[in-house]
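Peer 1: Residues per chain are reported as follows:
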Amino acid sequence: MNIIHTSHLTKTFRRFVKDPGLRGSVKSLLKRKYTDKTAVDDFDLSVEPGEFVGLIGPNGAGKTTLVKMLTGIVAPSSGEISVLGYFPNKLENAFKMQYAVVMGQKSQLFFELTPADTFRLFKELYRIPDGDYKRNVGYFTELFGVSEFMDVQVRTLSLGERMKMELITALLHNPGVLFLDEPTIGLDAAAQRQIRAFLREVNTQKGTTILLTSHYMEDVRSLCPRSVVINGGKKLYDGSTESLFDAYQTHKKITVAFDRETVFEAPPNAEILERNPYKVTFMIPKAESGAALSSVMSRYTPSDVAVEEEDIGAVVERIYAGGGAL
Amino acid sequence: MIANLKFIALLIKLKLSHMMVFRLSFFGAFFSDAALFVMQLAAFQAIYGQVDAIGGWSRGQMLIFIGTFSMINGLSMLICFFGIVNIPDKIRGGDLDLYLTKPVNPLLRLTFENINLGSAPLLFLSGGIVAHGAAVEGAAVTMPLILAYSALTLLMALLYYDIDLIMRTLPFFFIGTNAINRMTDALVILNFRVPGVIYKGVFKVLFWFVLPYGVMATVPTQALTGALTPLGLLYALGIVALFTAFALRFWRFGLSRYKSASS
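For the record, the sequence lines run as chains A and B.
In case it helps, my numbering puts the first sequence at residues 1 to 326.
In case it helps, my numbering puts the second sequence at residues 1001 to 1263.
Everything labelled a hint here was simulated from the structure, so no lab data went into it.
It should be emphasised that the depicted structure is a prediction, and the values quoted were computed from it without experimental measurement.
No residue lacks a Cβ here, since even glycine has one placed at the ideal position from N, Cα and C.
Any given hint could turn out to be false.
Stated by the list, open to error - Computed footprint of chain B on chain A; a stretch qualifies when at least three of its residues, placed anywhere within it, have a C-beta under 8 Å from a C-beta of chain B:
| no. | region |
| --- | --- |
| 1 | 63–73 |
| 2 | 117–131 |
| 3 | 249–259 |
What the hints assert, rightly or not - Below, computed lysine to any residue pairings styled on SDA-like, alpha-carbon distance capped at 20 Å:
| no. | chain 1 | residue 1 | chain 2 | residue 2 |
| --- | --- | --- | --- | --- |
| 4 | B | K1102 | A | R127 |
| 5 | B | K1006 | A | R127 |
| 6 | A | K106 | B | P1103 |
| 7 | A | K31 | A | P20 |
| 8 | B | K1015 | A | E124 |
| 9 | A | K90 | B | L1098 |
| 10 | A | K123 | B | L1005 |
| 11 | B | K1006 | A | D132 |
| 12 | A | K90 | B | S1256 |
| 13 | B | K1259 | A | T10 |
| 14 | B | K1259 | A | D42 |
| 15 | A | K90 | B | K1015 |
| 16 | B | K1259 | A | V102 |
| 17 | A | K123 | B | A1003 |
| 18 | A | K123 | B | K1015 |
| 19 | B | K1013 | A | D36 |
| 20 | B | K1259 | A | D36 |
| 21 | A | K37 | B | R1092 |
| 22 | B | K1259 | A | R32 |
| 23 | B | K1090 | B | G1254 |
| 24 | B | K1102 | A | V152 |
| 25 | A | K90 | B | L1248 |
| 26 | B | K1102 | A | T10 |
| 27 | A | K90 | B | F1250 |
| 28 | B | K1102 | A | R32 |
| 29 | B | K1006 | A | R32 |
| 30 | A | K90 | B | L1108 |
| 31 | B | K1102 | A | N136 |
| 32 | B | K1013 | A | V152 |
| 33 | A | K90 | B | V1104 |
| 34 | A | K37 | B | G1094 |
| 35 | B | K1015 | A | M150 |
| 36 | B | K1015 | A | Q108 |
| 37 | A | K90 | B | R1257 |
| 38 | A | K123 | B | F1250 |
| 39 | A | K90 | B | R1109 |
| 40 | B | K1090 | A | V102 |
Could you build the full structure based on these sequences and the hints that come with them?
Peer 2: The structure is reproduced here in structure tokens:
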């Protein structure tokens, strides 16, 4: 049985528009003009219990709106939606007791107080029995290695430590479904790795169904066996993450930095993204990246070299151009 | 119900803990509200010391009126004002998202999450003014009268909350509501200074029905001085019931229109 199900789900927002300048503003006072923006368009999605699904798409693709409909924050304009057997926007407490949402850019911690204080509020909110509460706080703080920060003012924690506390807060009541909206945004590589390990553990050990939206390809790639790609509100791809990356992530991004001014000659088939005398960034087909890197290392003496996966926007564009089929 | 009360108690404890993090503002809050009250009292004395009666109300009645309005205002600031005053920003900024996803009534949480202990002395000072006014008036104050006065004052504090909530709910429908909020603030100040009995015609409709600030301190004052008619009492109870029902329905309607904000 599906734990999340949507069919022809659509969300349209009405947006105020006006002509530029004062004249436009005066006109808008007398006659308002609106335009419709379809943030999520005819979207079908089914998720089974225990799945870890990645939701991929560039800015404005409709990911967050979809999550907001799934959590009941906004009402759909049309279509069917069911999460844990509930219509989310009815905002029933029985439904809200069974899921959790973490928004990377919105904190639910009390900044001036300690994580323990926030945990106490959530214990009361979700009516968590004492035994479960103690067990979960112990388990999660141990897993994340943050026991020592329980009585420290949240304001003084690093971004990574704060995000760990956000995740613990969300998981205290053992939710069946966890919605994660950009949980690793702004974090350094080490913190991202720790959070990925934590989420993997929660998914496998607790059986929590997780829907993850992220701009970081590595988040999705390392955590989600299944990916859903969304752009312009429409679903472009729904299937294996591995197949998706094999088929569409065809390039690597290489950045070469120098200590002194260097005239850099790009390898064949490289597309220069950024160039100055001290730094060059280029894209190169994945199959040629090894040879290109060897060539760079033999011809120059770089102070630093970084090899990254292509960013999500380029991959989505390629999927879009290919019609979304594999 | 018990779960909600426990939740409110925890919110209050957390707020107190939060206030105690900042020692200066924690202790300063008690002085600032009391100082504001003393200033208002000085302004009242400067104006009403020159006249014997306003709209047929004696100096004693006016003192009870001022004390009552101050008490309603104090109750609001103590319990809910600093919670619901942030609602427009939470609607515009999308911060309401976090309230909607938690298994507790978001309005309950918003109402009680920002109590302001600094307003507590205001209640005692206001009570002192009311007692002084009753003495000046020579009112025969009995226990049933005190109970009736207290109950009506609490009901009027609820009415004050209702109007405030309606105003703070408007951003669900209109983004810019600062001008309306400034206007209602000005109307509160006006009604803080003059009893509702002086209004006639369109002003009576405005301050007794549309934005019934004129009823708030007037009715409990009339109750304490024995001037409240059964019809006046019925009207007061009716207007509170009407505004409470409307405010809650309006809030729920606003929530259904909530669009959040792009991240």
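Peer 1: Taking the hints in turn, state whether each one holds.
Peer 2: Status of the hints after comparison with the structure:
1. 63–73: holds (count 5)
2. 117–131: holds (count 7)
3. 249–259: The restraint on the region 249–259 of chain A is violated, since only 0 of its residues have a Cβ under 8 Å from chain B and three are required.
4. K1102/B / R127/A: 12 Å, holds
5. K1006/B / R127/A: Holds, at roughly 10 Å.
6. K106/A / P1103/B: 18 Å, holds
7. K31/A / P20/A: 14 Å, holds
8. K1015/B / E124/A: 15 Å, holds
9. K90/A / L1098/B: 16 Å, holds
10. K123/A / L1005/B: 15 Å, holds
11. K1006/B / D132/A: 19 Å, holds
12. K90/A / S1256/B: 9 Å, holds
13. K1259/B / T10/A: 14 Å, holds
14. K1259/B / D42/A: Within the cut-off at roughly 19 Å; holds.
15. K90/A / K1015/B: Outside the cut-off at roughly 30 Å; violated.
16. K1259/B / V102/A: Since the Cα atoms of K1259/B and V102/A sit roughly 18 Å apart, the hinted pair holds (cutoff 20 Å).
17. K123/A / A1003/B: 12 Å, holds
18. K123/A / K1015/B: Holds, at roughly 17 Å.
19. K1013/B / D36/A: 45 Å, violated
20. K1259/B / D36/A: 14 Å, holds
21. K37/A / R1092/B: Holds, at roughly 18 Å.
22. K1259/B / R32/A: 19 Å, holds
23. K1090/B / G1254/B: 13 Å, holds
24. K1102/B / V152/A: 25 Å, violated
25. K90/A / L1248/B: Roughly 16 Å separates the two Cα atoms, so the pair holds.
26. K1102/B / T10/A: Outside the cut-off at roughly 24 Å; violated.
27. K90/A / F1250/B: 16 Å, holds
28. K1102/B / R32/A: Violated, at roughly 36 Å.
29. K1006/B / R32/A: 47 Å, violated
30. K90/A / L1108/B: Holds. K90/A to L1108/B sits at ~17 Å (cutoff 20 Å).
31. K1102/B / N136/A: Given that 20 Å is the threshold and the Cα spacing comes to 19 Å, the pair holds.
32. K1013/B / V152/A: 18 Å, holds
33. K90/A / V1104/B: 13 Å, holds
34. K37/A / G1094/B: 18 Å, holds
35. K1015/B / M150/A: Distance of about 18 Å is within 20 Å: holds.
36. K1015/B / Q108/A: 15 Å, holds
37. K90/A / R1257/B: 13 Å, holds
38. K123/A / F1250/B: Not OK: K123/A and F1250/B at ~30 Å, beyond 20 Å, violated.
39. K90/A / R1109/B: 18 Å, holds
40. K1090/B / V102/A: Answer holds: K1090/B to V102/A is near 17 Å, not above 20 Å.
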